Each structure stands twice: as C-alpha cells, then as structure tokens.
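Asker: Here are the chains, one letter per residue:
2 protein chains.
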Amino acid sequence: MITSTSNARVKELVQLQKKSKVRNEQGVFLVEGVKMYQEIPQEQLVKVYVSETFADKQKEEINRLKDRRKLEYLSDHVFQYVSDTKTPQGILCVVRQSAYCLEDILEAEDAHLLVLDNLQDPGNLGTILRTAEGAGVTGIIISKESVDIYNPKVIRSTMGSIYRVPFVYVEDLKEAIAKVKAHGIFTYAAHLDGKNSYDKEDYTKKTAFLIGNEGNGLRKEIADLADTWIRIPMQGQVESLNAAIATSVLMFETARQRRNQG
Amino acid sequence: MITSTSNARVKELVQLQKKSKVRNEQGVFLVEGVKMYQEIPQEQLVKVYVSETFADKQKEEINRLKDRRKLEYLSDHVFQYVSDTKTPQGILCVVRQSAYCLEDILEAEDAHLLVLDNLQDPGNLGTILRTAEGAGVTGIIISKESVDIYNPKVIRSTMGSIYRVPFVYVEDLKEAIAKVKAHGIFTYAAHLDGKNSYDKEDYTKKTAFLIGNEGNGLRKEIADLADTWIRIPMQGQVESLNAAIATSVLMFETARQRRNQG
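So the sequences go chain by chain: A and B. Mapping to our numbering: the first sequence position 145 is 179, numbers consecutive. Mapping to our numbering: the second sequence position 237 is 271, numbers consecutive.
These aren't lab readings, by the way, just hints derived from the structure by calculation. For clarity, every value in this text was computed on a predicted model and none was experimentally measured. Some hints could be false.
Which copy is meant is left open, because identical chains are indistinguishable; a pair holds if it fits in one copy or across any two.
In silico DMTMM-like pairs for lysine to aspartate or glutamate, Cα to Cα no more than 25 Å straight-line [to be verified]: (1) Lys69 <-> Glu273; (2) Lys52 <-> Glu86; (3) Lys120 <-> Glu248; (4) Lys69 <-> Asp227; (5) Lys120 <-> Asp227; (6) Lys45 <-> Asp227; (7) Lys93 <-> Asp236; (8) Lys234 <-> Glu95; (9) Lys69 <-> Glu248; (10) Lys45 <-> Glu255; (11) Lys254 <-> Asp118.
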C-alpha cells in the first residue's frame, strides 16, 4: 500500500489529473468512481487504484477485476490527495485513450456527426458526449483548441459515454469539414443568423452539425463552409441557448426524423 | 464608500448570498454583472452596489441609473468579499423577488408548463429557466424541496430569464398537479418507464411536463398523477439524460408542434 504523497506514482497521478500534455504523452486518462470503473472496456484498463476503506467495504468490486496485477492500494489520505473530487468514492483507474481516425468516423453508413469548433466548457463537452450516445450520434470531430475531452470534469459529465462514442481531435478543422463534405455528408451550421428553422430540414440523410463556442458561436470562416445555416427559433428575450442544450435539440430532432422515416 | 467588511450592510449582503431563508424573509435576491443589471425591471430594483474600479471605468452604466439614491460604492476589497464570483465584474444588485401565484400560471391561454419535482442542481434549474423562456414555456411550478431559484448559481445560469418566466414554489405538489389537471391541462410524466415515445403525443393542446430529480427521477406518487407517461427513446448504453437536456428536448418538441400547427 502506498502511504506517502511523495511516492513517485502518486506524483504521476496528480500530473495526469492536471495536465492534458502528460495524459497525451502517455496515451492514458483517469476515471473515478464505481460506475466509470465498471464500464471500462477490459482491453483499455491499465491500472486500478483503490483506497483502504474502499478495499475493506467493496470486496466484490475488487474481486471482479480479472488481472489482479493491475491493482494498487492507497491509504485514504493519499487517495484523497490524488482524487479530483471532494468526496471520492475510493476507486480511480488509469485507462488507455481510444484511437479513432477521422476516416473511420466519416465512413459511418448513417453518419450523424457533430463538429465542435473551439468548445471551452468541460461540463458542456461531457454532457454533449453523453447525450450524443443517447441520440445515436455516430462520431464527433473536435477542433484542437477545444477543451480536452480527458479533462476530469469532462469525464465526470460523460457518465461512461467516453468509452463508446467515437471522437477525434483535428489540427485543421477547415480541412476536416472539407473531408466531411467530400464524403457526401450534408453540413449544417447552428447559427443565430440561420435563415432556416432547424425543424424544416431533412436529417434522414447523412448529416453533420457544426457547433460553435459558448461565448462567440461558430467562427465565421467555419460557418461559411457549411452547406446550410440553421437556427432554433426562440421566444422571449433569449438570445442564445447553452451549447449543450442547442446541440441536444438538433441531435434529438435528427433521431426523431430517423425513427419516423419510411 | 463602504471600506470595511465589518460594515452592517456588507454583513447583510453576505447573508443574502448564502442563505435562502434571509432572502425569503426580506423578499429580495442578488444578481451580479452588467448584463443582469441592465435587464432588471426598474420597479424591482432595490439597491445597486458598485466597486471603486467599476465606478471609475463604467460611468455610463452608472449614469443610466434613474434613482441615484439606490447607488452605493464599495471598495474593491469589500466588493470581492461580498461577491459570489472569483473575478467579479464589480456590480451587484439587490432585486425584489417576483410574486406569481399558481392561479395566474394555470390560467395561461396556451399553457405550456413545467412541474419540477425536487430538482437539486442549481445549474440545471438555471439552464431550464433560460431554455424555457426560449421555448415559450408559460410557467414553472416547483416543489418546495427543490433548490432555491434565487441561489446565486441558479441566477448566473438563467441569463436574465429569472426576470421574465413566471414560476411558483408550492408546499404540496400533489395538490398543485390536481389543480393543473382541473384547469384542463394535460399532464405528461417524463419517465424512463414511459410507454409512449415523447414525439408521438400532441402538445398543441394545454400541456404540462412533470420533471423529476437528477438522481432518482420523479417520485412514484407524483408520476402516478400524470395523465400519460412519456419517454425519450435512447440508443447505446445511456440510461438517462441530464434533467435540463431531457426537459429541453420536450420543450422544443412542444414549440415545434405549435409552430407547425394549422
């Protein structure tokens, strides 16, 4: 059992919590909590850290672990030190990052894609990922300036969808959108100045939604690449919706049209 | 100018930030930031506190204030002390609470209501309020155990909709739902066990959605009162959506149906 916060492994865990650079260099990320642990695809599980108290109280969870060499115990004090939450559940895992490539995402038969331009809020990205799985999104393309999907706050909001929804970060979002269009996927910019109400479009064909930053919306040079601009009609004095809310309305309209098709 | 954190007014502001009991006794709440200040209905504005720096830099905002007796200056240090945010904008207002009654909400001609059962997350309630205004919701009925709508975190997420969407807290949610139904408003429980997909219902008639708590959903005794249970069909392994997301999907489906009607 590791009992000191100056242990080299403990220091590394803290780095992995805080720094996306360290996560990406090692090709791993951290998840906390029983549910996130249970849903890890076995081949991606690198290491499981449990607190003393967790080890005492949740023996059956520990017994489920197939490869016991992956298990490491931390004193409660050390666990609290490495945890990202105020009241940790006592289980923290190192998980190998998923490697999706843009080509795979573009070749989905019933493509239903999100293209995220410079999204900054971790809670929004996590909520979008979780909702995307529920709405049947086939892949997410993310500009490299966006918040890191492996940020602990994103992970918490994804509720396990992080393991299942294909996503890819791209260096050049314009180039990626050109490829989306070249694959016969129709691109819609969600834009306050959109001429067409979102519910007047046909999303039963291959569809990608371009979604902008929380404060500023889509960058003009990105929005200009879209085949069509759409807007969500708004009542009252509301100028815009939260990015995760707007994206959800579009995703579930797509799911609705596809269910009711033919 | 108030320069001491032990000033009686400063102490009162801190109490108003932290305690819903104090807010409700005085019938006021606090808002921060220029946008929230600009949107306050004049008759509800009780007092405006600005920091020294704000007073120097944003003279035009201060000049817009009609009744200068409502203005009070705080040193930057004191302002930071009373502010609920890490990087305050330097303007904080005391606003009179709105008084809506249940009867007014029930008599809306095209009633589109939300009934919130024990909602706990301030961000969710704020986002629901903001989205509700955009989707044309006519009123929100909230169980008294729910998070306080005047909690500073709720206020921040509402983006000004707090001033415009009618809402009411009720002691007895069952009794309130009985009244909703007695007014000819059709009640739908958003429920994971709902038999009907939400998009197969007709929301052009008077409609109320019953929305449950983030962790546990609707209490059974509340869900049992609904005319119909509906669900949002979900793909993948997603068990449930975030409460604000699920509510938004229902509200915008209602808005869509009503726009496209007749």
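Asker: Please go over all the hints and tell whether each is borne out by the structure.
Answerer: Hint-by-hint comparison with the structure:
no. : hint              : result
1   : Lys69 <-> Glu273  : between (37 Å within a copy, 12 Å between copies)
2   : Lys52 <-> Glu86   : within (24 Å within a copy, 36 Å between copies)
3   : Lys120 <-> Glu248 : between (27 Å within a copy, 19 Å between copies)
4   : Lys69 <-> Asp227  : between (41 Å within a copy, 22 Å between copies)
5   : Lys120 <-> Asp227 : neither (42 Å within a copy, 33 Å between copies)
6   : Lys45 <-> Asp227  : neither (49 Å within a copy, 46 Å between copies)
7   : Lys93 <-> Asp236  : neither (52 Å within a copy, 50 Å between copies)
8   : Lys234 <-> Glu95  : neither (49 Å within a copy, 41 Å between copies)
9   : Lys69 <-> Glu248  : between (29 Å within a copy, 16 Å between copies)
10  : Lys45 <-> Glu255  : neither (42 Å within a copy, 50 Å between copies)
11  : Lys254 <-> Asp118 : neither (37 Å within a copy, 34 Å between copies)
In this structure, the earlier hints numbered 5, 6, 7, 8, 10, 11 are contradicted, and the remaining ones agree with it.
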